[in-house]
Amino acid sequence: MSSSIAKLGAQRIALGIMLLLAVSVLIFAGTQILPGDVAQAILGQSATPESLANLREQLGLNQPAYVRYFHWLGGVLTGDLGTSMTSGQGISSAIKGRLWNTLFLAFWAATVAVPLAIILGLIAVRYRNGWVDKLISGLALASTSFPEFFIGYVLVYFFAVKWQIFPGISTVYDGMPFLERMQAIAMPVTALTLVVLAHMMRMTRAAILNVMQSAYVETAELKGLSAFAVIRRHAFPNAIAPIINVVMLNLAYLIVGVVVVEVIFVYPGMGQYLVDHVTKRDVPVVQAVGLIFAAVYISLNIIADIAAIVANPRLRHPK
Amino acid sequence: MTNEIHRLGQQVVSGILSRRDFLGRAAALGLSAPFANSLLSNAARAAQPVKGGTLKAGLQGGAATDTLDTAHFSTSVDITFGRAWGEQLVQIDPKGGLQPALAEEWGSSKDAKVWTFKIRKGVHFHDGKEMTPADVLATMERHSDKNSKSGALGIMQGIDKIAVDGQNVVFTLKDPNADLPFLMDDYHLIIQPNGGKDNPAAGIGTGPYKVTTNEPGVRLGGEKFAGYWRDDRGFADQVEVIVINDATARMSALQSGQVHIVNFVQPKLVDLIKRVPGMTIRNVSGRGHYVFVARCKTAPFDNNDLRLALKFAIDRDEMLDKVLRGYGTVGNDFPINAAYPLFTEVEQRKYDPDKAKFHYKKSGHDGPVLLRTSDVAFPGAVDAAQLFQQSAAKAGIQLEIKREPGDGYWSEVWQKQPFCASYWGGRPTQDQMYSVGYYSKADWNESQFVNDKFDKMLFQARAELDPEKRKKIYADMGTIVNQEGGTIVPMFNQFIDATGAKVEGWIDDPNYELSGYYALSRCWIAG
Numbered sequence: 001m002s003s004s005i006a007k008l009g010a011q012r013i014a015l016g017i018m019l020l021l022a023v024s025v026l027i028f029a030g031t032q033i034l035p036g037d038v039a040q041a042i043l044g045q046s047a048t049p050e051s052l053a054n055l056r057e058q059l060g061l062n063q064p065a066y067v068r069y070f071h072w073l074g075g076v077l078t079g080d081l082g083t084s085m086t087s088g089q090g091i092s093s094a095i096k097g098r099l100w101n102t103l104f105l106a107f108w109a110a111t112v113a114v115p116l117a118i119i120l121g122l123i124a125v126r127y128r129n130g131w132v133d134k135l136i137s138g139l140a141l142a143s144t145s146f147p148e149f150f151i152g153y154v155l156v157y158f159f160a161v162k163w164q165i166f167p168g169i170s171t172v173y174d175g176m177p178f179l180e181r182m183q184a185i186a187m188p189v190t191a192l193t194l195v196v197l198a199h200m201m202r203m204t205r206a207a208i209l210n211v212m213q214s215a216y217v218e219t220a221e222l223k224g225l226s227a228f229a230v231i232r233r234h235a236f237p238n239a240i241a242p243i244i245n246v247v248m249l250n251l252a253y254l255i256v257g258v259v260v261v262e263v264i265f266v267y268p269g270m271g272q273y274l275v276d277h278v279t280k281r282d283v284p285v286v287q288a289v290g291l292i293f294a295a296v297y298i299s300l301n302i303i304a305d306i307a308a309i310v311a312n313p314r315l316r317h318p319k
Numbered sequence: 001m002t003n004e005i006h007r008l009g010q011q012v013v014s015g016i017l018s019r020r021d022f023l024g025r026a027a028a029l030g031l032s033a034p035f036a037n038s039l040l041s042n043a044a045r046a047a048q049p050v051k052g053g054t055l056k057a058g059l060q061g062g063a064a065t066d067t068l069d070t071a072h073f074s075t076s077v078d079i080t081f082g083r084a085w086g087e088q089l090v091q092i093d094p095k096g097g098l099q100p101a102l103a104e105e106w107g108s109s110k111d112a113k114v115w116t117f118k119i120r121k122g123v124h125f126h127d128g129k130e131m132t133p134a135d136v137l138a139t140m141e142r143h144s145d146k147n148s149k150s151g152a153l154g155i156m157q158g159i160d161k162i163a164v165d166g167q168n169v170v171f172t173l174k175d176p177n178a179d180l181p182f183l184m185d186d187y188h189l190i191i192q193p194n195g196g197k198d199n200p201a202a203g204i205g206t207g208p209y210k211v212t213t214n215e216p217g218v219r220l221g222g223e224k225f226a227g228y229w230r231d232d233r234g235f236a237d238q239v240e241v242i243v244i245n246d247a248t249a250r251m252s253a254l255q256s257g258q259v260h261i262v263n264f265v266q267p268k269l270v271d272l273i274k275r276v277p278g279m280t281i282r283n284v285s286g287r288g289h290y291v292f293v294a295r296c297k298t299a300p301f302d303n304n305d306l307r308l309a310l311k312f313a314i315d316r317d318e319m320l321d322k323v324l325r326g327y328g329t330v331g332n333d334f335p336i337n338a339a340y341p342l343f344t345e346v347e348q349r350k351y352d353p354d355k356a357k358f359h360y361k362k363s364g365h366d367g368p369v370l371l372r373t374s375d376v377a378f379p380g381a382v383d384a385a386q387l388f389q390q391s392a393a394k395a396g397i398q399l400e401i402k403r404e405p406g407d408g409y410w411s412e413v414w415q416k417q418p419f420c421a422s423y424w425g426g427r428p429t430q431d432q433m434y435s436v437g438y439y440s441k442a443d444w445n446e447s448q449f450v451n452d453k454f455d456k457m458l459f460q461a462r463a464e465l466d467p468e469k470r471k472k473i474y475a476d477m478g479t480i481v482n483q484e485g486g487t488i489v490p491m492f493n494q495f496i497d498a499t500g501a502k503v504e505g506w507i508d509d510p511n512y513e514l515s516g517y518y519a520l521s522r523c524w525i526a527g
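Quick note, the sequences are listed as chains A and B, same order. Under UniProt numbering, the residues of the first sequence are numbered 1 to 319, in order. Under UniProt numbering, the residues of the second sequence are numbered 1 to 527, in order.
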């Protein structure tokens, strides 16, 4: 059994790497289609034909596109993401801190949101169609329906301005004491939790309810198990694959989709970094960030796939 | 009213307002003389600088792409922090005069072609090295090098030769320039060890604060430099700039006390903020102005009657009222206002649909006129364009508005399209303002304004050392731009900043926002 899991897992990972390569081609091609090139963007209005030619030579832009692509890819594989046009600094070192900040925020948001969503989902199923279920679903839906900036501003208004419990801006820095850092991210974590909660909660509820229709659940009920025991022992384990799927989707969102929350809470993460460089048309940075985001997305999906295979023996034996 | 009195009191203490004037204004506000006197002594006591603490500013205008290289300074964040860690040769004071900084005194030859600056002795850089005339020379060389990407390159172009002579630095100019010392206040021209040639982004200067933190787009921090040479600047132990580009986040950070100073307060929020206890709005009329620019050499705007028609068709009062909520003054189609030392009035042009109709007819143009605008052209530029459209419609001129995306506006629309919205931060002197924006060969001559007589007068005024004669020349130049220019100046905006409860020592400085960008070193946290 374990060998088939390993085999399927290896297949998924290989597939993921191929996908990532395809994405890298797309990202590279996309930035080539843009009018003008990096040299023109660097020199701007003051560009003269000679200086353009010199800079192109210097940046290796005279080589054909596929050579430059492999050069770039080679750099990425060895951890060299290139040089930022605007600051002239290495991108890898600049991104490291930002990526760490984003992962830190995503980690804590996930730590709060995932268990909360699953527990709320379970409770909703236990009391399905009762007022508890309706209350939970209603509140979760409401929090998801509000745009992120609205949730952010409401939180800031009450928790930072009115009651002054948490800081309204979440500037974190290296060497910040852990407790202070946790305090600083309290509000963005809350905002993110509210944003992703409903999706995961409703998916949990729907998946378990789906299983609850099965004959074996009826059997379990008939043999006199309590409602929670039925859900916990018979329904939940069989609903875990779709739940993991939606959890992974939301985790990916927590990393690649938090631009608005980062801007509102002034959090120095990847989203803010990307926005700053897009505005200045710093193509190498945009490429690097795009690739990192794609890698995050693809790896989380692979994890979801493998977890589903582990959880569901039927997937290991394709018909 | 208490706010107003408080402010006047601070002005007396900082020497901007005389004691007699203060009592007069207090009486006008209905206060008895003894009461006003006691208020004044309170103000004087409160004005005793308090040392210590961390002064934090939450500022708009920073990005991950920022650097400490003074040559690339362009945003409020770079410049404000730069003025905390570095200094120039001179400083323009709130009244528009020049104060010595790293240069003790200066003077010129009779023809204003050779300028000598005596460099102060005993001033040290943060790395412990003493600042010398050689460092000043190297700094000027770095910023005037033809291949330099320095933002100061434009103003350095008139300099032919720079040399060190003992404790002096001597500038020899290509053409006479009576205003040269004013150029030395430019925020790019921070004096650095060996001019910053070795490491442009090292952030080492002679200012009151040593750079300790540099996280571009996030946070900049400095601690008090123990060897700082003057004692009227730099009261806090630490200063910090936090980049907060979101307007709402900025205001909430101020309200919750996370920062003490913010910039770019939107006019529509001012009344709300005034109601919050402890917060002070710091608004000051400067030289910044908002403009609609028609390119004089591009059809149909190559016709002066059409330009005049548009100038008469704009309702400046309404625009000031609705777009700036009164936080500004009306413009008069030339870029100079009373904040300039040598300003003279030109008869105010008023909204006049009949005259607009007359000139429009005379221009022979018919059909719509296309005006391009964008949110980034200036705050409220889209609303302003719509108001313009309505007032012009009453004069029978059909104005078509095209809203352009903010991304790429300055590279694709500005200086490319024939008629668009734009803004200017102003310059310390009329000479600089006209030289960068209206001289026929200027890089930023956005209105393609070419007038030989005007150019000649510009050079004539530059070489003239007698202020009265210069004033006369500038008045005539203003009239020419007003009558024939392609720039419509509906309004001068104010800089609107805000400070939290305990911030004292603020000086209203019309030169730039944030107390002339000196807020971090001028202010302290009281009690």
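No wet-lab data here; the hints were simulated from the structure. Fair warning: this is a prediction, and the values are worked out from it, not measured in the lab. Take these hints with a grain of salt, some might be off.
Here are some chain A residues pointing at chain B (derived, C-beta under 10 angstroms) [unchecked claim]:
1. Thr86
2. Phe149
3. Tyr153
4. Pro167
5. Ile169
6. Asn245
7. Phe265
8. Val266
9. Val285
Calculated pairs, DSSO-like style, for lysine-lysine (alpha carbon to alpha carbon, straight line, at most 27 angstroms) [said to hold, decoys possible]:
10. B:Lys113 with B:Lys416
11. A:Lys280 with B:Lys416
12. A:Lys280 with B:Lys402
13. B:Lys161 with B:Lys110
Note that beta-carbon positions come from the ideal geometry of N, C-alpha and C, so glycine has one too.
Do the hints match the structure? See the list:
| no. | hint | result |
| --- | --- | --- |
| 1 | Thr86 | 4 angstroms, holds |
| 2 | Phe149 | 8 angstroms, holds |
| 3 | Tyr153 | 6 angstroms, holds |
| 4 | Pro167 | 6 angstroms, holds |
| 5 | Ile169 | 5 angstroms, holds |
| 6 | Asn245 | 34 angstroms, violated |
| 7 | Phe265 | 7 angstroms, holds |
| 8 | Val266 | 5 angstroms, holds |
| 9 | Val285 | 9 angstroms, holds |
| 10 | B:Lys113 with B:Lys416 | 36 angstroms, violated |
| 11 | A:Lys280 with B:Lys416 | 19 angstroms, holds |
| 12 | A:Lys280 with B:Lys402 | 24 angstroms, holds |
| 13 | B:Lys161 with B:Lys110 | 18 angstroms, holds |
Figure legend: structure checked against the earlier numbered hints; hints not met, in rising order: 6, 10.
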